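Protein chains in written order, with our numbering: chain A, 22 to 250; chain B, 1355 to 1442.
If you are wondering where the hints come from, they were derived from the structure by calculation, not from laboratory data. Note that the coordinates shown come from a computational prediction; the quantities given were computed from them, not determined experimentally. Each residue gets a CB set at the ideal place from its N, CA and C atoms; glycine is no exception. Possibly wrong hints are sitting among the right ones.
To be verified - Pairwise CB distance ranges (calculated):
no., chain 1, residue 1, chain 2, residue 2, range
1, B, Lys1413, A, Gly67, 20 to 30 Å
2, B, Thr1395, A, Lys186, 55 to 65 Å
3, B, Gly1415, A, Pro209, 45 to 55 Å
4, B, Ala1403, A, Pro204, 45 to 55 Å
5, A, Ser169, B, Ile1411, 14 to 24 Å
6, A, Asn196, B, Gly1392, 47 to 57 Å
As the list claims (entries may be wrong) - Some chain A residues judged to face chain B by a derived CB distance under 8 Å, without partners named:
no., residue
7, Phe53
8, Leu131
9, Met150
10, Ile151
11, Leu157
Unchecked claim - The list that follows gives simulated cross-link-like pairs (lysine-lysine, DSSO-like), each with its CA atoms no further than 27 Å apart:
no., chain 1, residue 1, chain 2, residue 2
12, A, Lys246, B, Lys1416
13, A, Lys168, A, Lys240
14, B, Lys1413, A, Lys233
15, A, Lys233, B, Lys1409
16, B, Lys1413, A, Lys240
17, A, Lys147, B, Lys1419
18, A, Lys70, A, Lys164
19, A, Lys106, B, Lys1372
20, B, Lys1419, A, Lys128
21, A, Lys188, A, Lys231
22, A, Lys168, B, Lys1391
23, B, Lys1391, A, Lys106
24, A, Lys70, B, Lys1401
25, A, Lys152, B, Lys1409
26, B, Lys1419, A, Lys152
27, A, Lys164, A, Lys106
28, A, Lys128, B, Lys1401
29, B, Lys1416, A, Lys164
30, B, Lys1419, A, Lys237
31, A, Lys152, A, Lys233
32, B, Lys1433, B, Lys1372
33, A, Lys106, B, Lys1431
34, A, Lys168, B, Lys1433
35, B, Lys1433, B, Lys1419
36, B, Lys1431, B, Lys1404
37, B, Lys1433, A, Lys239
38, A, Lys168, B, Lys1416
39, A, Lys147, B, Lys1391
40, A, Lys168, B, Lys1372
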Amino acid sequence: MSIEREFEGETVTDAAIEACKELKISRDELEFDVVQEESSGVLGIGSRKAIIRILNKVEKQENETDSSINSLDDNLDIDVQSIEKIFKEIVNHFIGDTNINSELSGKNILLNLNSEKDLGFLIGRKGEMIKNLEFLLSKISSKQVGKSIYVSININSYREKRMEKLKEKVLETINKVIAINRPLSLNPMNSFERREAYLIIEQNTEVIYKTKEYGKLKKITIFPKDLQT
Amino acid sequence: MYNLKKGLFMENISDLIKLIVSSLVDNPDEIHITEVKGDSTTVYELKVAKDDLGKIIGKQGKTAKAIRTLLGAAAAKDKRRAVLEIIE
């Protein structure tokens, strides 16, 4: 369906901006013909406004994006099985058969692994192995689907335990900062962990925080509020 | 008996490399892995198609590093060291 509409403006650019606002589309998507170019005239005499004609294709584009989302979902359903299979095979190299179940939400896949055996080496020091496994599996699955997929792994609810520890550590640091009235830094963290930390810090009105680059990660420093004013 | 077990395990590591690498590259048929055994260290030499080299190494060696960590853990189970060399 295409509707033709005309827009006016002081210049062609102004008219285009006006059209974008009206039709709620981005500049890149806008296609128009110039009906009349602007002219400033002489001393305001004979000045003309710019007029452009728009070919409205918004409705058509919306349908296209809808169908592409659907096809992505279909692809993902097949994909989860094969990712689970690859993860199973990798894990089987370390410990025999294990039960893995997977959850899918949008472009995120969560793999749950539960076993009574000692899985410490699958987690690694500070979750190093988990991170590497996640990275490799994300890469493999992204390659298969052709779109970026994020794989997270949870081993014997390691994630929950780690979050619990992180929360404790943050609370402890906040209390310490208030007690000694001096700033203290937390260990460098990735964005996901920092988010959790921010949520806790913001609940406490006696402290504020600042974040500093630390290699690939960032470091949060907690300050007592009255010190920083 | 012990050596036999060790031999079996090392074969498994080659399989593990093959499993990961073949799902990352475009030409899985052109993967060649050779083992060079030492006293406590085994070196795995990995050859892939020229176009796939970048995929195995990754941005700033991230993928290669991840594979090496995985190998390290697999070998550590048998109290051995594993080194992955990517050959051009």
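**Q.** Numbered hints the structure breaks, given as an ascending list
**A.** 1, 2, 3, 7, 8, 10, 12, 13, 15, 18, 22, 23, 24, 28, 34, 36, 37, 39
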